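Chain order of the listed sequences is A and B.
Quick note on our numbering: the first sequence kicks off at 2 and runs consecutively.
Quick note on our numbering: the second sequence kicks off at 2 and runs consecutively.
Simulated from the structure, these hints should not be mistaken for lab results.
Careful: at least some of the hints might be erroneous.
Chain copies aren't distinguished; within one or between two, either way the pair holds.
Think about it this way: if two alpha-carbon atoms lie no more than 16 Å apart in a straight line, the pair counts; the simulated EDC-like pairs of lysine to aspartate or glutamate are [said to hold, decoys possible]:
| # | residue 1 | residue 2 |
| --- | --- | --- |
| 1 | K392 | D311 |
| 2 | K392 | E310 |
| 3 | K287 | E210 |
| 4 | K376 | E137 |
Given the structure is predicted, the values throughout are model-derived calculations rather than measurements.
Protein chains: 2
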Amino acid sequence: MKQLDFKVQGFLFSGISAGIKKDGKKDFGLIYSEVPARVAGLFTTNAVKAAPVQLDMERIKRGLCQAIIVNSGNANACTGNQGLRDAKRVSSLIAKQLGIDEKLVFPSSTGVIGSPLPMKKIEEGIPELIDHLSPEGWMSAVEAMMTTDTFPKVEVATCRLKGKQVKLCGMVKGAGMIRPNLATMLSFLVTDAHIKAPLLQRMLEKAVEVSYNRITIDGETSTNDTVLLLANGKAGHPSLSHMDRDGEIFQSMLLKVCQNLAESLVKDGEGATKFVEILVQGARNKEDAKQAAYTVAHSPLVKTAFFGEDANWGRILCALGHSGVQINPNRIDVFFDKAPIVKNGMGVGARLEEKAGQIIKKKSFKVIVDLHQGKSQFSVLTTDLSIDYVKINASYRS
Amino acid sequence: MKQLDFKVQGFLFSGISAGIKKDGKKDFGLIYSEVPARVAGLFTTNAVKAAPVQLDMERIKRGLCQAIIVNSGNANACTGNQGLRDAKRVSSLIAKQLGIDEKLVFPSSTGVIGSPLPMKKIEEGIPELIDHLSPEGWMSAVEAMMTTDTFPKVEVATCRLKGKQVKLCGMVKGAGMIRPNLATMLSFLVTDAHIKAPLLQRMLEKAVEVSYNRITIDGETSTNDTVLLLANGKAGHPSLSHMDRDGEIFQSMLLKVCQNLAESLVKDGEGATKFVEILVQGARNKEDAKQAAYTVAHSPLVKTAFFGEDANWGRILCALGHSGVQINPNRIDVFFDKAPIVKNGMGVGARLEEKAGQIIKKKSFKVIVDLHQGKSQFSVLTTDLSIDYVKINASYRS
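All chains should be modelled from the sequences, with the hints used to inform the complete structure.
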């Protein structure tokens with residue numbers, strides 16, 4: 002663990018065990034801002050949306066949030082009207098005890114889907130949860146949202162905006178490979194910067210586009226995915242409302258924090274033994290590059306070859322060939338890091354292939370595909386497909 | 002093994018070991034018709050096409066074929082101009098020794114890609130291959146094209162056309178899960194029926210659409226996939242040229258044979274322990290039904306749950322939600338065989354779920370999804386994702 006200071010002016014955190022998880026680990030967390038914060042958010046594109054996601058998507062329209070509640074162990078998804086009522090009730094109980102407007106409370110959940118929230122346990126846990134709120138409670142809140150994550154994923158960064166020191170702290174929980182039982186990714190970011198909600202939203206979208214939207218583990222999209230960014234303005238600088246030089250400074254800090262968190266997600270992919278960047282370049286356009294990169298990154302044959310440390314480039318060409326992208330097989334080059342393995346659609350020969358074969362033995366490497374069709378490129382981070390992935394996901398509920 | 006008679010009038014078969022495979026098993030096969038046969042064919046849609054596929058796609062335009070050569074152990078894919086020259090040379094040597102026109106010979110290959118064909122071994126094997134041709138050689142030819150298949154996949158059927166007995170024999174080799182190192186599916190069908198090439202092609206397309214095109218194991222499409230149907234007319238009935246009553250009889254026999262072969266492919270999927278039909282009904286249109294069915298069938302989370310015998314219906318809803326198909330989550334019903342597990346997007350309760358939980362323990366079952374959006378449906382056969390799949394594919398080349 003990095004020894005980092007996660008205190009951010011005006012934010013309090015808490016995480017406790019409310020008995021939702023069977024193993025007694027922390028499963029109920031709270032992030033609270035002393036004043037209503039500007040909020041930006043992004044939610045799952047899955048048509049099946051968990052109850053808390055539905056509620057947050059409604060509440061975020063006002064642009065303000067003062068508290069995020071999170072529980073693990075139960076996703077509150079596919080729970081119908083009961084699920085919505087439960088999510089509302091949790092937020093209203095929290096709001097009442099914090100003395101704030103219920104609509105400023107954003108619930109979120111992750112875990113098994115299809116079961117109603119254990120409301121009794123949750124209600125009983127609320128006093129303790131609020132009681133534990135403290136500026137130092139960050140790691141407890143992080144632990145409370147972890148599921149199969151093997152380590153907590155946190156980042157902190159600072160910058161100066163209009164002469165004031167500004168801090169940004171981010172946490173994310175396990176896309177795993179991706180999270181089993183609905184692959185939930187939750188990420189919460191808090192800052193004392195003073196940024197108007199529309200700009201904050203644009204900044205978050207830009208950062209997510211090149212971080213969380215660039216990682217893929219098994220191509221699944223959860224019902225619960227949520228990214229929330231809260232800015233409470235406690236740093237005391239004049240408000241940012243458009244993308245000026247200070248805006249750029251914050252944007253670049255936000256982007257870096259999200260990228261680091263996204264990388265740590267992939268590194269903690271369920272059963273992952275490899276951490277691989279797939280870069281497709283020389284595509285006719287961005288869409289082609291993206292589609293080709295994702296097809297390679299999702300190919301079970303490519304991913305099992307990574308796991309087996311087999312520089313089986315034929316599987317990469319095969320994936321490109323059925324990606325739906327217009328390609329000329331005879332012009333494709335492939336490199337593992339800097340070592341060529343395919344030139345003009347053919348193997349480079351045993352001697353050079355051996356070099357590439359050494360690179361695939363590394364924990365982390367890059368696969369570069371050049372389609373030689375144009376100038377666009379797209380990069381995505383992924384993992385291998387391991388025996389442990391199957392084991393973890395075959396037995397998740399039992 | 003079924004005790005079946007695979008003799009078809011006017012066809013001879015052969016299969017030998019030419020030393021292409023390392024383990025000394027049969028790897029070189031030949032199907033020969035005493036007279037030029039009408040031919041229909043379907044080839045991989047992968048943009049990366051193996052050399053023999055490129056050649057066959059050219060040759061099939063004439064509508065005639067007299068010999069199919071097949072080798073396993075080497076796919077002759079991603080081998081550039083050398084690969085094309087090699088494929089041509091093999092067919093010309095075979096043609097010369099058989100005393101037939103080279104353009105009537107259709108080569109096909111399966112195995113590791115990116116290596117040139119071992120031409121010396123192949124050339125030396127040709128005399129023996131031809132020498133072994135016999136009406137009883139069917140199973141040797143089947144063995145010669147097997148790779149990780151654990152059993153030979155063959156079908157035979159008969160019917161009467163215009164008063165004459167007609168026979169159809171089919172063989173297919175391993176889509177595995179799907180075939181590693183390019184997932185090749187090869188299927189050859191021979192009949193003594195007399196059917197003109199354009200009608201034969203339409204019949205084959207129709208049969209493949211509801212057989213080989215309805216199975217999916219890992220969503221990969223090989224560079225070498227080939228289906229060829231030869232009709233040599235030896236049964237002696239007047240030629241069929243359009244879809245009359247006799248045409249329908251043959252069509253339905255062809256369809257059944259292809260479906261049986263397709264089912265056996267799935268059952269022999271690499272590492273497969275489950276054989277699952279995914280039926281999506283109540284879709285707005287066929288495309289939606291197809292897309293939803295494939296998304297469920299390809300979902301690693303759904304497939305690992307099958308392997309773990311976990312009736313984790315949330316993963317099915319999740320897959321439907323990110324399938325890109327417009328759905329109303331609150332109207333979705335799901336059944337395992339006849340047992341309901343999801344009603345209106347929610348679990349049916351512990352007692353009923355237990356019943357569905359029993360069904361998933363079976364070797365073979367059906368998942369029925371009703372979207373309640375319309376009247377279209379689509380069905381696809383698939384497998385689970387097992388630990389053995391990863392093992393087989395991680396170590397395929399080593």
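Status of the hints after comparison with the structure:
In this assembly of identical chains, K392 and D311 lie within 16 Å of each other by CA distance solely across copies; the values are 12 Å between and 22 Å within a copy. Taking the closest pair of Cα atoms, K392 and E310 come within 16 Å of each other only across two copies (12 Å); inside a single copy the shortest separation is 20 Å, beyond that limit. Taking CA atoms no more than 16 Å apart as the test, K287 paired with E210 passes inside one copy only; the shortest distance there is 13 Å, against 33 Å between copies. For the homomeric pair K376 and E137, neither the shortest alpha-carbon distance inside one copy (48 Å) nor that between copies (57 Å) is at most 16 Å.
In summary, the one numbered hint that this structure violates is 4.
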